[in-house]
Amino acid sequence: MATETPPPAKEQHRLPSPEEFAEVQQSAEFGELRRSYRSFAFPLTVGFITWYLLYVLLSNYAGDFMGTKVVGNINMALVLGLAQFLTTFLIAWWYARRAATELDPRAEAIKSRMEAGA
Amino acid sequence: MSPAINPAITLAAGEASEHRPLIISLFAVFVAATLVITVWAGRQTKDAADFYAGGRQFTGFQNGLAVSGDYMSAASFLGIAGAIALFGYDGFLYSIGFLVAWLVALLLVAEPLRNSGRYTMGDVLAYRMRQRPVRTAAGTSTIVVSIFYLLAQMAGAGVLVSLLLGITSDGGKIGIVALVGVLMIVYVTIGGMKGTTWVQMVKAVLLIVGALLLTFLVLLKFHFNVSDLLGKAADNSGKGAAFLEPGLKYGATGTTKLDFISLGIALVLGTAGLPHILIRFYTVPTAKAARKSVIWAIGLIGAFYLMTLALGFGAAALIKPDEIIASNKAGNTAAPLLALHLGGVDSNWGAILLATISAVAFATILAVVAGLTLASSSSFAHDIYANVIKKGQASEKQEVNAARYATVGIGAVSILLGALARDLNVAGLVALAFAVAASANLPTILYSLFWKRFTTNGALWSIYGGLVTAVGLVLFSPVVSGKPTSMFPDADFHWFPLENPGIVSIPVGFLLGVVGTLLSKEEPDTMKYAELEVRSLTGTGAH
Numbered sequence: 001m002a003t004e005t006p007p008p009a010k011e012q013h014r015l016p017s018p019e020e021f022a023e024v025q026q027s028a029e030f031g032e033l034r035r036s037y038r039s040f041a042f043p044l045t046v047g048f049i050t051w052y053l054l055y056v057l058l059s060n061y062a063g064d065f066m067g068t069k070v071v072g073n074i075n076m077a078l079v080l081g082l083a084q085f086l087t088t089f090l091i092a093w094w095y096a097r098r099a100a101t102e103l104d105p106r107a108e109a110i111k112s113r114m115e116a117g118a
Numbered sequence: 119m120s121p122a123i124n125p126a127i128t129l130a131a132g133e134a135s136e137h138r139p140l141i142i143s144l145f146a147v148f149v150a151a152t153l154v155i156t157v158w159a160g161r162q163t164k165d166a167a168d169f170y171a172g173g174r175q176f177t178g179f180q181n182g183l184a185v186s187g188d189y190m191s192a193a194s195f196l197g198i199a200g201a202i203a204l205f206g207y208d209g210f211l212y213s214i215g216f217l218v219a220w221l222v223a224l225l226l227v228a229e230p231l232r233n234s235g236r237y238t239m240g241d242v243l244a245y246r247m248r249q250r251p252v253r254t255a256a257g258t259s260t261i262v263v264s265i266f267y268l269l270a271q272m273a274g275a276g277v278l279v280s281l282l283l284g285i286t287s288d289g290g291k292i293g294i295v296a297l298v299g300v301l302m303i304v305y306v307t308i309g310g311m312k313g314t315t316w317v318q319m320v321k322a323v324l325l326i327v328g329a330l331l332l333t334f335l336v337l338l339k340f341h342f343n344v345s346d347l348l349g350k351a352a353d354n355s356g357k358g359a360a361f362l363e364p365g366l367k368y369g370a371t372g373t374t375k376l377d378f379i380s381l382g383i384a385l386v387l388g389t390a391g392l393p394h395i396l397i398r399f400y401t402v403p404t405a406k407a408a409r410k411s412v413i414w415a416i417g418l419i420g421a422f423y424l425m426t427l428a429l430g431f432g433a434a435a436l437i438k439p440d441e442i443i444a445s446n447k448a449g450n451t452a453a454p455l456l457a458l459h460l461g462g463v464d465s466n467w468g469a470i471l472l473a474t475i476s477a478v479a480f481a482t483i484l485a486v487v488a489g490l491t492l493a494s495s496s497s498f499a500h501d502i503y504a505n506v507i508k509k510g511q512a513s514e515k516q517e518v519n520a521a522r523y524a525t526v527g528i529g530a531v532s533i534l535l536g537a538l539a540r541d542l543n544v545a546g547l548v549a550l551a552f553a554v555a556a557s558a559n560l561p562t563i564l565y566s567l568f569w570k571r572f573t574t575n576g577a578l579w580s581i582y583g584g585l586v587t588a589v590g591l592v593l594f595s596p597v598v599s600g601k602p603t604s605m606f607p608d609a610d611f612h613w614f615p616l617e618n619p620g621i622v623s624i625p626v627g628f629l630l631g632v633v634g635t636l637l638s639k640e641e642p643d644t645m646k647y648a649e650l651e652v653r654s655l656t657g658t659g660a661h
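Chains as they are written, first to last, in the numbering used here: chain A, 1 to 118; chain B, 119 to 661.
In case anyone wonders, no lab produced these hints; they're calculated from the structure.
Any given hint might turn out to be false.
With a cut-off of at most 25 Å between alpha-carbon atoms, the simulated DSS-like pairs for lysine-lysine come out as follows [what the hints assert, rightly or not]: (1) B:K601 - B:K367; (2) B:K646 - B:K509; (3) B:K339 - A:K69; (4) A:K69 - B:K646; (5) B:K406 - B:K515; (6) B:K509 - A:K69; (7) A:K69 - B:K350; (8) B:K357 - B:K367; (9) B:K410 - B:K357; (10) B:K164 - B:K515; (11) B:K438 - B:K367; (12) B:K339 - B:K410; (13) B:K357 - A:K69; (14) B:K570 - B:K508; (15) B:K639 - B:K164.
In this text the structure is predicted, and so the values were computed from the model without any measurement.
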């Protein structure tokens, strides 16, 4: 393997200094980005984990309820299991959409300013 | 040690030996194709970023496919289908946990990790900590988690081939495990991350197509009436309606119910701490592409797990439970047996379908095994060799060579362990890897990224504490000794009643991170945290 050859030239951006990072971390603009990310991702994480654990507990301790027939041989357990799939797909889609509109533009603005050295 | 010979299995083996040229050709075609890819990728591998991260030039979709290929292991295909075939609804929990877990990776880990790390999980864990101790810890837990996972894949490989080629001798099974080991060493040493990624993409497509085919055939048999399929599965299982309800495997006693909760927690928190999954996010150029990879992965993996439902219940409906158990105690061969029955046990179609599905499963194992080996040898070379032993003074060439040597060592270890684990359910084994990952890795990843006060001491307590607790509890669990299904059925030194340690070891890992931090006098490096925080959220300065 020709590992000794230098890596191909990739776009090199200026790496900001530690002081610049510290300054940006304290800025209102970054605070807004962090708040916007955390206030969305954290509660949502708590939410889907709670919903998942609820499902696990129901499977364990609510056998009669889970065995209730819904349609034909399809019971509550299967419906709730499939509901976990559905909510996973929906949350993934929701996060992606929200990240694209709320987070990406803010992150991009900070990054390009820092790497340009302004 | 050789399992009881069941008439249907000898039949399968007989059919198989009649079609042995076909089976061997299918295996050989896949192996040859992947070797070509590997050599091609090897030629393009010039620097460390190529070897570790595939040059960071894959698209979000490509990586999403590769992530799925890396994740849908023998545990998913063979293990879950088998668990559903034997225990009905309780097998389904695996699918749900394995899928929901991706949200943790999507919301909290993938993008910050992509922005702040370079080649390994240790890059993020050690970012604002003292490098040598934290990298040593990260490297250790990466290797332990990957070896647990490797074990499961090796067990799956042995099982498959014994079914296919009618090899029941221990020597034959061990020979196959050794062959898998040698192939994975070749993939990783020559192809690096680029080769491994392409192999995983090819495998993901094959697996999804294979599962689609079987699902279609199962549904066709029941005229696309899912309720009929479920009803037939319940009848044929001999368990009646209980087969479709939770509790068959885990509902027996208070202890097994606790085991179910433990498994559930380990599954949902494990994914975002699996090193071989995490390093996949370094193969794309930006955090946005990493996000896209996860979105694709969730779609593909979710669709696949929905199909395993049809496979598992299909196997339960069409094959007698005794036959599944006789073929493999843990149910690992249910999916290939299903293929045989769908094609017709006495017909050529049955044999051809069996061979095809087995080749797909074999491809699955090879690709996952390559990903795991790459993760552990990368971490050895980058975290332990370059940053601890050489204190950051190693050249790129030395580092990549160290990774290649480590690959050979890890290959040898997993061949040895794989031979021991061949009769355990592969989904159960993988669940242990998830528990270890969730206990030792996830707490430190989250604290590092989001908790300003977190210190080196906290990281070490959390990684080692979580690791020792999880592995220790497994060692003294019924998985290893004390039950007929244990790894050592003749010995009994188990005192921990649960098979999965997650319910204890995961809280321990999280708690120790806090205790270790609060007890240390060390001040957190606020400048480094500022850098990590800004970088992880914006991508400024990312590699």
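So, going through the hints one by one against the coordinates:
For the given pair, K601 (chain B) sits about 15 Å from K367 (chain B) by alpha-carbon distance, which is consistent with the 25 Å threshold. Pair hint K646 (chain B) plus K509 (chain B) holds up; C-alpha atoms about 19 Å apart against a cutoff of 25 Å. Between K339 (chain B) and K69 (chain A), the direct Cα distance comes to roughly 23 Å. Compliance with the 25 Å bound is thereby established for this hinted pair. Proximity of K69 (chain A) to K646 (chain B) is assessed by CA-CA distance (about 57 Å); at most 25 Å being required, the pair is judged violated.
For a cut-off of 25 Å, the pair hint linking K406 (chain B) to K515 (chain B) is broken: about 30 Å separates their Cα positions. Note on K509 (chain B) and K69 (chain A): the hinted pairing is violated, with a Cα-Cα distance of about 63 Å set against a maximum of 25 Å. At roughly 16 Å between alpha-carbon atoms, K69 (chain A) and K350 (chain B) fall within 25 Å of each other, so this suggested pair holds. Simply put, K357 (chain B) and K367 (chain B) have alpha-carbon atoms about 12 Å apart, close enough for the 25 Å limit, and the pair holds.
A C-alpha spacing of about 43 Å is found between K410 (chain B) and K357 (chain B), which places the hinted pair above 25 Å, so the restraint is violated. Between the alpha carbons of K164 (chain B) and K515 (chain B) the distance comes to roughly 10 Å, so the proposed pair stays at or under 25 Å and holds. A threshold of 25 Å between alpha carbons decides the hint, and for K438 (chain B) with K367 (chain B) the separation of about 18 Å falls inside it, so the pair holds. Taking the CA atoms of K339 (chain B) and K410 (chain B), the gap is near 37 Å; set against the 25 Å cutoff, the hint is violated.
This hinted pair checks out: K357 (chain B) and K69 (chain A) have alpha carbons roughly 17 Å apart, not beyond 25 Å. For the given pair, K570 (chain B) sits about 29 Å from K508 (chain B) by alpha-carbon distance, which is inconsistent with the 25 Å threshold. About 44 Å separates the Cα atoms of K639 (chain B) and K164 (chain B), which puts this hinted pair outside 25 Å; it is violated.
Checked against the numbered hints given earlier, the structure breaks hints 4, 5, 6, 9, 12, 14 and 15 and satisfies all the rest.
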